[in-house]
Amino acid sequence: DSRPDLAARYEDYGWPATIIFTPDGKEIVKKSGYITPVAMAELLRKVAKDPSPLPDEDLKHPEVLNPALSEELKKKFEADIQDRYDQKQGSWDVSHKFIDANFAELYLNKSLYGDKKAAKWLKQTLDNNLKIHDPVWGGVYQYSTGGVWNEAHFEKIMSIQADNIRIYAQAGLVFKNKKYLEAAKKTANYINEFLTSPEGGFYTSQDADLVQGQHSESFFKLGDKARRKQGIPRVDKNRYARENGWMIQALAALYAATGEKVYLERAEKAAKWIQENRSLHGGGFRHAEKDLAGPYLSDTSTMGSAFLRLYLVTGNRAYYSASVEAAKFIDQNFKNAKAGFDAAV
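Each residue of the sequence shown is one higher than the one before, counting from 9 in our numbering.
Please note that a few of the clues may not be correct.
Computed cross-link-like contacts, DSS-like style, restricted to lysine-lysine with a CA-CA straight-line distance of at most 27 Å [to be verified]:
(1) Lys39 with Lys96
(2) Lys54 with Lys96
(3) Lys124 with Lys82
(4) Lys82 with Lys139
(5) Lys39 with Lys57
(6) Lys187 with Lys229
(7) Lys277 with Lys194
(8) Lys96 with Lys118
(9) Lys82 with Lys346
(10) Lys34 with Lys125
(11) Lys131 with Lys186
(12) Lys229 with Lys184
(13) Lys139 with Lys57
(14) Lys269 with Lys184
Restraint-style ranges between C-beta atoms, simulated for each label pair [stated by the list, open to error]:
(15) Asp123 with Asn200: 34 to 40 Å
(16) Met48 with Val102: 21 to 27 Å
(17) Tyr328 with Gly122: 22 to 28 Å
(18) Glu79 with Gly231: 52 to 58 Å
(19) Pro31 with Leu77: 39 to 45 Å
(20) Asp123 with Glu79: 28 to 34 Å
(21) Glu207 with Asp88: 20 to 26 Å
(22) Pro31 with Glu79: 22 to 28 Å
To be clear, the hints were calculated from the coordinates, so they are not data collected in a lab.
Nothing here was measured: the structure is a model prediction, and the numbers come from that model.
Just so you know, even glycine gets a beta-carbon here, dropped at the ideal spot from N, CA and C.
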């Protein structure tokens, strides 16, 4: 969370990912997924004996400079997305169950244009995904493992909360489903109680375990009073521009879906705090109070999108101007000479 540039560089390796560097920063090993203790020990012995870079066996990306996707590639992507869908239980990932916001929004748009299969699949996913919503405090667990919906990893990270609020709010409108709107509202209320600072900025996450390293499944089976008697899992109180941008967009979407001003007020309060505490000269945003590197593309792009969303739901031109300034900052600082944008500068 504290280094969006590294997250962007290695995100395709999944979580967890194992990257081993030489002292001067050259990559020796890039591995995707969990490595058992025995395998990790063997890998470390191998690297210690010979620190030559190992072949990157996991991922290879061709250089693509085309400005747009071809129709052939679009059809291939559509087929791949459909092939990934778990038609028995929902979601676009067989092993880890959660809402993939990109696919969900794609299928929400398809539903708007009368695609009945898209609507059926999305509803199936939304209904089953409610199983990883915390029924006591609200909020959404990060994912469920084992290819099922009842083996939750209990961490609550900001990206998951924001995605769920936004998707359920929009789905509630499209499908005229009060259950979806209530799910979005309950998650927003969790954010307000557990992940909101007194000044209005949003915190980053809440741990999965009450005691670090001790699995807390029994804790999350308890009711409110019994949980609080034992304690409350640690909250990461870093306030990052990117994470705040995600939640501002989500709350603005929830306001648009419900008309309840409390969600807009929370979004605007957070936006004001970020402007006052994370702004960079020229319209950009830093990640944290003090960054180890950067600035990072994701902070400015996410906050730019947040201001645009606020403009759309309020008509306030100040938000429009802030989004334009963010876009200019990105163009001036992150635009790559070949194509696309760099993750950090």
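These are the hints, each one checked on the structure:
Proximity of lysine 39 to lysine 96 is assessed by CA-CA distance (about 31 Å); at most 27 Å being required, the pair is judged violated. Between lysine 54 and lysine 96, the direct Cα distance comes to roughly 42 Å. Violation of the 27 Å bound is thereby established for this hinted pair. For the hint pairing lysine 124 with lysine 82, the CA-to-CA distance comes to about 20 Å; that is within 27 Å, so the pair holds. For the given pair, lysine 82 sits about 32 Å from lysine 139 by alpha-carbon distance, which is inconsistent with the 27 Å threshold.
For the given pair, lysine 39 sits about 18 Å from lysine 57 by alpha-carbon distance, which is consistent with the 27 Å threshold. A threshold of 27 Å between alpha carbons decides the hint, and for lysine 187 with lysine 229 the separation of about 22 Å falls inside it, so the pair holds. Restraint check: the Cα-Cα separation between lysine 277 and lysine 194 comes to about 19 Å, which is no more than 27 Å; the hinted pair holds. About 20 Å separates the Cα atoms of lysine 96 and lysine 118, which keeps this hinted pair within 27 Å; it holds.
For a cut-off of 27 Å, the pair hint linking lysine 82 to lysine 346 stands: about 23 Å separates their Cα positions. In summary, the hint linking lysine 34 to lysine 125 is not supported, as the alpha carbons are separated by about 47 Å, beyond the 27 Å threshold. A C-alpha spacing of about 13 Å is found between lysine 131 and lysine 186, which places the hinted pair at or below 27 Å, so the restraint holds. A hinted pair counts as satisfied when its Cα atoms are at most 27 Å apart, and lysine 229 with lysine 184 does not qualify at roughly 31 Å.
Restraint check for lysine 139 and lysine 57: not satisfied, since their Cα atoms lie roughly 47 Å apart, outside the 27 Å limit. Proposed proximity of lysine 269 and lysine 184 is supported: the alpha carbons are some 20 Å apart, at most 27 Å. At about 35 Å, the beta-carbon gap between aspartate 123 and asparagine 200 stays in the expected band of 34 to 40 Å. A C-beta distance of roughly 25 Å is found between methionine 48 and valine 102, which places it inside the suggested range of 21 to 27 Å.
Between tyrosine 328 and glycine 122 the beta carbon distance is about 32 Å. The supplied range of 22 to 28 Å is therefore violated. Here the CB-CB span from glutamate 79 to glycine 231 is close to 54 Å, well matched to the stated 52 to 58 Å. For the pair proline 31 and leucine 77, the beta carbons lie near 41 Å from each other, so the given range of 39 to 45 Å is met. For the pair aspartate 123 and glutamate 79, the beta carbons lie near 18 Å from each other, so the given range of 28 to 34 Å is not met.
Checked against the hint of 20 to 26 Å, the C-beta distance between glutamate 207 and aspartate 88 comes to roughly 44 Å, which is inconsistent with it. At roughly 48 Å, the beta carbons of proline 31 and glutamate 79 sit outside the given window of 22 to 28 Å.
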